[in-house]
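Kindly produce the complete structure, drawing on both the sequences and the hints.
There are 2 protein chains.
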Amino acid sequence: MFETERTSRTIAFYFDFMSPYAYLGSVGIERLAATHGYEVDWRPMLLGVSVIKVMGLKGVADTPLKRDYVRRDLVRCARYLDIPFARATDEPMTSLPAARVFVWLNEQDNSVARAFARAVFRAQWAEATDMSSPEAIASLAGSLGIDANETVAAMADERVKRRLREYVEASISLGVFGAPTFLIGSEMFWGVDRLPMIERWLETGGW
Amino acid sequence: MFETERTSRTIAFYFDFMSPYAYLGSVGIERLAATHGYEVDWRPMLLGVSVIKVMGLKGVADTPLKRDYVRRDLVRCARYLDIPFARATDEPMTSLPAARVFVWLNEQDNSVARAFARAVFRAQWAEATDMSSPEAIASLAGSLGIDANETVAAMADERVKRRLREYVEASISLGVFGAPTFLIGSEMFWGVDRLPMIERWLETGGW
Numbered sequence: 000m001f002e003t004e005r006t007s008r009t010i011a012f013y014f015d016f017m018s019p020y021a022y023l024g025s026v027g028i029e030r031l032a033a034t035h036g037y038e039v040d041w042r043p044m045l046l047g048v049s050v051i052k053v054m055g056l057k058g059v060a061d062t063p064l065k066r067d068y069v070r071r072d073l074v075r076c077a078r079y080l081d082i083p084f085a086r087a088t089d090e091p092m093t094s095l096p097a098a099r100v101f102v103w104l105n106e107q108d109n110s111v112a113r114a115f116a117r118a119v120f121r122a123q124w125a126e127a128t129d130m131s132s133p134e135a136i137a138s139l140a141g142s143l144g145i146d147a148n149e150t151v152a153a154m155a156d157e158r159v160k161r162r163l164r165e166y167v168e169a170s171i172s173l174g175v176f177g178a179p180t181f182l183i184g185s186e187m188f189w190g191v192d193r194l195p196m197i198e199r200w201l202e203t204g205g206w
Numbered sequence: 000m001f002e003t004e005r006t007s008r009t010i011a012f013y014f015d016f017m018s019p020y021a022y023l024g025s026v027g028i029e030r031l032a033a034t035h036g037y038e039v040d041w042r043p044m045l046l047g048v049s050v051i052k053v054m055g056l057k058g059v060a061d062t063p064l065k066r067d068y069v070r071r072d073l074v075r076c077a078r079y080l081d082i083p084f085a086r087a088t089d090e091p092m093t094s095l096p097a098a099r100v101f102v103w104l105n106e107q108d109n110s111v112a113r114a115f116a117r118a119v120f121r122a123q124w125a126e127a128t129d130m131s132s133p134e135a136i137a138s139l140a141g142s143l144g145i146d147a148n149e150t151v152a153a154m155a156d157e158r159v160k161r162r163l164r165e166y167v168e169a170s171i172s173l174g175v176f177g178a179p180t181f182l183i184g185s186e187m188f189w190g191v192d193r194l195p196m197i198e199r200w201l202e203t204g205g206w
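Chains as they are written, first to last, in numbering that gives the first Met the number 0: chain A, 0 to 206; chain B, 0 to 206.
There is no bait here: all hints are sound.
Simulated restraints, written as ranges between beta carbons of each label pair: (1) B:Arg-78 x A:Glu-90: 32 to 42 Å; (2) A:Ile-51 x B:Glu-186: 27 to 37 Å; (3) B:Trp-206 x A:Ala-60: 22 to 32 Å; (4) A:Asp-156 x B:Arg-78: 41 to 51 Å; (5) A:Arg-164 x B:Asp-129: 42 to 52 Å; (6) A:Val-111 x B:Val-74: 33 to 43 Å.
For the record, the hints were derived by calculation from the structure and aren't laboratory data.
On a predicted model such as this, the values are computed, not experimentally measured, just so you know.
Beta carbons: idealized from backbone N, C-alpha and C, even for Gly.
As structure tokens, then:
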């Protein structure tokens, strides 16, 4: 195996656990990557920073018309992509505890971090379990064999919080503003609806 | 021909001439409709009303990060869909004159109105000609065999202006907020990237 070759076949995947479209995108991009021999590099971002602070917009839950459309569109997209979907509530999820644990795990073993991220997305958006609280996150981590006490400590660790801010700042510097966002080389794709275009890009090398 | 049958095979297409994605959507939906035996019912809306007044957001041109992404994404989408694309300027187009003429023509002959709308979209987004001014619109109408003096009068006609406002209010009442938006029965699809999903919907009758 050539390390440099493997590295060039990487799709960077920017996600926020609070986004159900990012959940659909996570399943979709892992399918595409598996089919085409790519690795997925999971990178947390925070919509609260990009959408509200940097772009000066509102969240979908606070936006008339779009709020109603999205509620219906999500269910339809999930069925279209054949991905399990069930939401607990219309209240926005708080993704900071989960994002911090992801960052902490990713420094130790990125395959464990990815397994954790998949489990959080599945619990939140396929099993209708609110994963906003540190308690829910610690319990989920425990079920994956990750020490629950260490998980609780990581969520409160200033170094971990700072590391997450660095991830978020890096995403903004690259121009990432929404979730899911996919980066193939320097080519950026925003939205789960870009998956067919990404597939064509992987097949053809771009246009 | 059975009028009722033809009517039920109609896709409502909501557009604003200022939206390049609506231009791409207009070409895409007419292709899909032709393949699947549907009619396209062109209905003007105004993003300045839905996005800014009703949703309380900003236009893309005023939104950091997204502005840069969209500039690149548009060219990529146009190539992906094999649709000619060339923009005159990054300044937003003013679509009121063209929308008013569309409304005026649509009351007389909707096939003439559709031909006019296609020509405006093509000039603005494939031939890089700014179609913001009444003069540009009157000249284009003249080239299609529509009386240029009557066109100028229609753009200033209070009754036509009121009729456009009624179209816009009707679109908001239905929950239409973006362009392009497609309505199949009561099923709403927003965005040019929903064309593959619409195609599946037409083939299967929905899910």
